[in-house]
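Undergrad: The chain contents come next:
2 protein chains.
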Amino acid sequence: MKFIIQREKLIASVQDVMKAISPRTAIPILTGLKLEALTDGITLTGSDSDISIESFIPAEEDGMVNVEQIEEGKIVLQARYFSDIVRKLPEKQVEIETDESFNVTIRSGKAKFNLNGQDASEYPQLPEIQTENSFEIQSDLLKNLIKQTGFAVSTMETRPILTGVNIKIENETLTFTATDSHRLASRHIPLAGVNLNLANIVVPGKSLTELNKILDDKGENVEISVANNQILFRTKHLNFLSRLLDGNYPETSRLIPDKSQTVIHVKTKELINTIDRASLLAREERNNVVKLTTKENALLEITSNSPEVGQVAEEVSSESVEGEDLKISFSSKYMLDALKVMENDEVIIEFTGAMRPFIIKPAGDDSMLQLILPVRTY
Amino acid sequence: MKFIIQREKLIASVQDVMKAISPRTAIPILTGLKLEALTDGITLTGSDSDISIESFIPAEEDGMVNVEQIEEGKIVLQARYFSDIVRKLPEKQVEIETDESFNVTIRSGKAKFNLNGQDASEYPQLPEIQTENSFEIQSDLLKNLIKQTGFAVSTMETRPILTGVNIKIENETLTFTATDSHRLASRHIPLAGVNLNLANIVVPGKSLTELNKILDDKGENVEISVANNQILFRTKHLNFLSRLLDGNYPETSRLIPDKSQTVIHVKTKELINTIDRASLLAREERNNVVKLTTKENALLEITSNSPEVGQVAEEVSSESVEGEDLKISFSSKYMLDALKVMENDEVIIEFTGAMRPFIIKPAGDDSMLQLILPVRTY
Numbered sequence: 001m002k003f004i005i006q007r008e009k010l011i012a013s014v015q016d017v018m019k020a021i022s023p024r025t026a027i028p029i030l031t032g033l034k035l036e037a038l039t040d041g042i043t044l045t046g047s048d049s050d051i052s053i054e055s056f057i058p059a060e061e062d063g064m065v066n067v068e069q070i071e072e073g074k075i076v077l078q079a080r081y082f083s084d085i086v087r088k089l090p091e092k093q094v095e096i097e098t099d100e101s102f103n104v105t106i107r108s109g110k111a112k113f114n115l116n117g118q119d120a121s122e123y124p125q126l127p128e129i130q131t132e133n134s135f136e137i138q139s140d141l142l143k144n145l146i147k148q149t150g151f152a153v154s155t156m157e158t159r160p161i162l163t164g165v166n167i168k169i170e171n172e173t174l175t176f177t178a179t180d181s182h183r184l185a186s187r188h189i190p191l192a193g194v195n196l197n198l199a200n201i202v203v204p205g206k207s208l209t210e211l212n213k214i215l216d217d218k219g220e221n222v223e224i225s226v227a228n229n230q231i232l233f234r235t236k237h238l239n240f241l242s243r244l245l246d247g248n249y250p251e252t253s254r255l256i257p258d259k260s261q262t263v264i265h266v267k268t269k270e271l272i273n274t275i276d277r278a279s280l281l282a283r284e285e286r287n288n289v290v291k292l293t294t295k296e297n298a299l300l301e302i303t304s305n306s307p308e309v310g311q312v313a314e315e316v317s318s319e320s321v322e323g324e325d326l327k328i329s330f331s332s333k334y335m336l337d338a339l340k341v342m343e344n345d346e347v348i349i350e351f352t353g354a355m356r357p358f359i360i361k362p363a364g365d366d367s368m369l370q371l372i373l374p375v376r377t378y
Numbered sequence: 001m002k003f004i005i006q007r008e009k010l011i012a013s014v015q016d017v018m019k020a021i022s023p024r025t026a027i028p029i030l031t032g033l034k035l036e037a038l039t040d041g042i043t044l045t046g047s048d049s050d051i052s053i054e055s056f057i058p059a060e061e062d063g064m065v066n067v068e069q070i071e072e073g074k075i076v077l078q079a080r081y082f083s084d085i086v087r088k089l090p091e092k093q094v095e096i097e098t099d100e101s102f103n104v105t106i107r108s109g110k111a112k113f114n115l116n117g118q119d120a121s122e123y124p125q126l127p128e129i130q131t132e133n134s135f136e137i138q139s140d141l142l143k144n145l146i147k148q149t150g151f152a153v154s155t156m157e158t159r160p161i162l163t164g165v166n167i168k169i170e171n172e173t174l175t176f177t178a179t180d181s182h183r184l185a186s187r188h189i190p191l192a193g194v195n196l197n198l199a200n201i202v203v204p205g206k207s208l209t210e211l212n213k214i215l216d217d218k219g220e221n222v223e224i225s226v227a228n229n230q231i232l233f234r235t236k237h238l239n240f241l242s243r244l245l246d247g248n249y250p251e252t253s254r255l256i257p258d259k260s261q262t263v264i265h266v267k268t269k270e271l272i273n274t275i276d277r278a279s280l281l282a283r284e285e286r287n288n289v290v291k292l293t294t295k296e297n298a299l300l301e302i303t304s305n306s307p308e309v310g311q312v313a314e315e316v317s318s319e320s321v322e323g324e325d326l327k328i329s330f331s332s333k334y335m336l337d338a339l340k341v342m343e344n345d346e347v348i349i350e351f352t353g354a355m356r357p358f359i360i361k362p363a364g365d366d367s368m369l370q371l372i373l374p375v376r377t378y
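Line order of the protein sequences matches chains S and X. Note that full-length UniProt numbering has the first sequence beginning at 1, numbered continuously upward. Note that full-length UniProt numbering has the second sequence beginning at 1, numbered continuously upward.
Hints in this document: simulated from the structure, not taken from any laboratory. No experiment lies behind these values; they were computed from the predicted model shown. The reader is advised that the hints may include incorrect statements.
One copy or any two copies: either way a pair holds, since identical chains are not told apart in the list.
Calculated pairs, DSSO-like style, for lysine-lysine (alpha carbon to alpha carbon, straight line, at most 30 Å) [as the list claims (entries may be wrong)]:
no.: 1; residue 1: Lys74; residue 2: Lys340
no.: 2; residue 1: Lys19; residue 2: Lys333
no.: 3; residue 1: Lys112; residue 2: Lys147
no.: 4; residue 1: Lys168; residue 2: Lys333
no.: 5; residue 1: Lys327; residue 2: Lys143
no.: 6; residue 1: Lys88; residue 2: Lys213
no.: 7; residue 1: Lys267; residue 2: Lys2
no.: 8; residue 1: Lys236; residue 2: Lys327
no.: 9; residue 1: Lys259; residue 2: Lys236
no.: 10; residue 1: Lys88; residue 2: Lys267
no.: 11; residue 1: Lys327; residue 2: Lys206
no.: 12; residue 1: Lys267; residue 2: Lys327
no.: 13; residue 1: Lys267; residue 2: Lys19
no.: 14; residue 1: Lys168; residue 2: Lys110
no.: 15; residue 1: Lys295; residue 2: Lys213
no.: 16; residue 1: Lys74; residue 2: Lys236
no.: 17; residue 1: Lys218; residue 2: Lys110
no.: 18; residue 1: Lys88; residue 2: Lys361
no.: 19; residue 1: Lys327; residue 2: Lys9
no.: 20; residue 1: Lys92; residue 2: Lys218
no.: 21; residue 1: Lys213; residue 2: Lys327
no.: 22; residue 1: Lys19; residue 2: Lys361
no.: 23; residue 1: Lys267; residue 2: Lys74
no.: 24; residue 1: Lys295; residue 2: Lys168
no.: 25; residue 1: Lys236; residue 2: Lys295
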């Protein structure tokens with residue numbers, strides 16, 4: 001194998017596939033990065049067997065030459081060293097060459113590295129995904145769906161299925177849902193013309209976090225395909241493959257209250273700042289509990305109390321408080337997580353009593369729903 | 001105690017004194033921050049008993065009012081909470097008030113915090129420093145002296161005296177020296193008109209690191225006073241007090257070779273980049289060893305070898321190589337540390353053989369000297 005490549009292109013691709021490579025893996029060759037040269041371009045592959053990422057650098061693209069003098073072949077390189085070397089090479093071009101004993105020579109300017117490679121035929125084959133069950137969405141929308149739900153997955157392995165995000169398509173609507181059983185985040189978008197039905201697709205939260213880091217938000221198309229316990233996200237030069245979680249995702253719609261006793265309409269940013277301040281004293285305690293109390297004249301009082309440290313109280317003016325008076329305690333962390341993904345300047349919070357789950361929505365927008373279980377305080 | 005203060009001023013002062021406060025300390029009250037209000041302004045104090053920092057906020061300064069409605073008094077506050085609270089308060093002004101039971105009320109806008117304070121009379125008294133043995137230098141010069149020597153202190157407690165920087169004044173010259181016995185860093189500046197002689201002053205490296213973070217580089221005057229195993233650095237509104245290390249600092253001048261066999265004149269940045277690349281493969285091994293070999297035509301070859309990973313070789317053109325040919329191995333980390341504090345574009349490296357310490361100096365400047373012991377390779 002031999003080729004000369006534009007270093008900037010190589011750096012970007014290495015950075016992407018490194019997200020799938022873990023220094024701790026049961027399969028030693030997966031600590032490596034696979035490099036394959038074909039006449040049309042170079043493919044880099046990284047995998048930790050849960051996530052696999054392939055990045056393709058075309059030899060030519062938009063009239064620009066990215067890779068020259070290609071002699072076909074493949075090799076596996078020690079990922080961490082290769083990544084550091086490529087970033088620090090002195091010149092714009094890099095020459096990479098291998099011999100039959102899997103020795104790799106990397107040249108750039110006067111710098112010359114000789115690395116011990118490994119036989120690429122020992123690298124595991126990635127599963128092939130049939131692209132029949134597939135649909136397309138724009139990368140910026142996909143990033144939003146991930147950002148607005150992914151934080152709510154469970155981090156505990158007691159119910160493994162809850163460590164994933166449930167992806168559903170029905171009635172030309174795509175829905176992402178995540179819950180750790182103390183809170184739930186859900187967002188849907190229309191998928192006009194997609195006559196596909198998917199129900200029990202659960203993608204590990206960690207996979208989506210890594211995918212979100214790699215996708216750009218310039219609105220390129222992402223093709224999503226599901227098959228054989230695997231999901232494939234494909235953009236022009238990137239294949240991102242993740243295993244799916246086994247098991248049935250719980251039916252979450254029954255958790256969502258359909259009536260409310262108290263409805264608050266409040267400015268998102270002001271509520272975030274007030275709860276953030278109140279949580280300063282609450283952080284040592286279990287769950288970072290803060291209390292919200294409705295007051296006269298559409299005022300809300302946010303309080304928190306830590307016997308060791310002290311107390312905090314602050315009033316926020318809301319746009320309106322409708323219905324019954326309310327005193328409720330909740331985790332400031334869950335509340336801040338939910339409020340921070342609101343894109344709207346104003347939110348509606350619907351309560352059905354101090355012991356019942358409550359709902360947060362962007363004002364005038366039903367496409368997102370955040371649900372939080374309150375905390376009992378005695 | 002009561003006062004109303006500009007929040008930005010309070011944030012800056014809290015940030016400074018927090019550098020002396022450690023959450024782990026044998027004296028519980030030192031996890032707190034002392035606040036003292038007098039009619040002319042507010043003093044904040046933090047201390048971990050090694051370092052103590054006092055920051056003063058004058059009630060009025062340059063015609064601007066920083067603090068108003070002062071009622072004198074003092075209190076000790078839980079530092080970590082106070083620091084977070086002050087940073088997140090909503091308005092530009094903050095009111096702080098205490099009662100006789102050491103309860104502290106902090107108000108800003110609609111936010112109101114009640115914190116449990118402690119009796120300031122239980123806070124240890126800082127040592128008084130006589131300012132007879134004192135001299136002045138500019139803060140930017142002091143920062144340079146620290147930056148160019150402090151990295152070379154020992155991090156091991158086997159010879160505690162080497163964890164400090166030796167500060168010396170003789171013949172109207174101020175010299176900072178640090179060594180961990182594998183390398184040495186020394187920098188001196190003229191102190192015209194200062195008829196002071198100080199020899200065995202050793203300041204903990206950690207104290208100088210913290211001092212460097214606090215000092216601005218705008219060239220304000222710093223008054224340095226030494227007495228009673230303490231050193232005081234005083235600027236207009238800041239007192240930075242550190243204990244000195246006990247013991248005799250070793251005589252280092254005899255370590256510095258006075259003749260050389262090979263002298264290399266090379267561009268600083270090019271040598272840094274080349275050694276940085278060579279060190280990529282060396283980092284797993286003991287000491288990050290790289291090898292320098294002189295070649296014909298004033299070329300230097302930098303190589304490194306890690307049997308597990310591979311090899312790297314790169315040539316650097318030097319301005320000149322005078323004297324004998326040379327092959328020498330050294331720690332890339334020590335070399336990079338020394339080269340990175342050079343302010344000059346070119347450096348002179350003076351060798352006296354592969355087994356002898358070598359010297360690095362800025363070209364045409366004798367005020368700084370870096371010395372490194374080579375590594376034996378077999």
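Undergrad: So, for every hint listed, does it hold in this structure?
TA: Cross-check of the supplied hints:
1. Lys74 - Lys340: Classified as neither: same-chain Cα gap 45 Å, cross-chain 39 Å, threshold 30 Å.
2. Lys19 - Lys333: both (27 Å within a copy, 28 Å between copies)
3. Lys112 - Lys147: neither (42 Å within a copy, 33 Å between copies)
4. Lys168 - Lys333: within (27 Å within a copy, 53 Å between copies)
5. Lys327 - Lys143: So Lys327 and Lys143 fail the 30 Å test inside a copy (36 Å) and across (55 Å) alike.
6. Lys88 - Lys213: both (22 Å within a copy, 29 Å between copies)
7. Lys267 - Lys2: neither (59 Å within a copy, 33 Å between copies)
8. Lys236 - Lys327: neither (52 Å within a copy, 51 Å between copies)
9. Lys259 - Lys236: For Lys259 and Lys236, the Cα distance exceeds 30 Å both inside one copy (45 Å) and across copies (63 Å).
10. Lys88 - Lys267: Between copies only: 18 Å across chains, 47 Å inside a chain, cut-off 30 Å.
11. Lys327 - Lys206: neither (36 Å within a copy, 50 Å between copies)
12. Lys267 - Lys327: within (19 Å within a copy, 69 Å between copies)
13. Lys267 - Lys19: Neither. Shortest intra-copy (37 Å) and inter-copy (37 Å) distances fail the 30 Å Cα cut-off.
14. Lys168 - Lys110: neither (54 Å within a copy, 44 Å between copies)
15. Lys295 - Lys213: Neither way: Lys295 and Lys213 sit 43 Å apart in one copy and 46 Å across, limit 30 Å.
16. Lys74 - Lys236: Cα proximity of Lys74 and Lys236: one copy only (22 Å, versus 65 Å across).
17. Lys218 - Lys110: neither (37 Å within a copy, 41 Å between copies)
18. Lys88 - Lys361: between (47 Å within a copy, 26 Å between copies)
19. Lys327 - Lys9: neither (56 Å within a copy, 37 Å between copies)
20. Lys92 - Lys218: Only inside one copy: Lys92 and Lys218 sit 26 Å apart there, 38 Å across copies, limit 30 Å.
21. Lys213 - Lys327: neither (39 Å within a copy, 46 Å between copies)
22. Lys19 - Lys361: Result: close neither inside a copy nor across copies, 33 Å intra and 42 Å inter.
23. Lys267 - Lys74: Answer is neither: 56 Å inside a copy and 39 Å across each miss the 30 Å cutoff.
24. Lys295 - Lys168: neither (41 Å within a copy, 67 Å between copies)
25. Lys236 - Lys295: So Lys236 and Lys295 fail the 30 Å test inside a copy (55 Å) and across (48 Å) alike.
Violation of the numbered hints given earlier is confined to hints 1, 3, 5, 7, 8, 9, 11, 13, 14, 15, 17, 19, 21, 22, 23, 24, 25; the remaining hints are satisfied by the structure.
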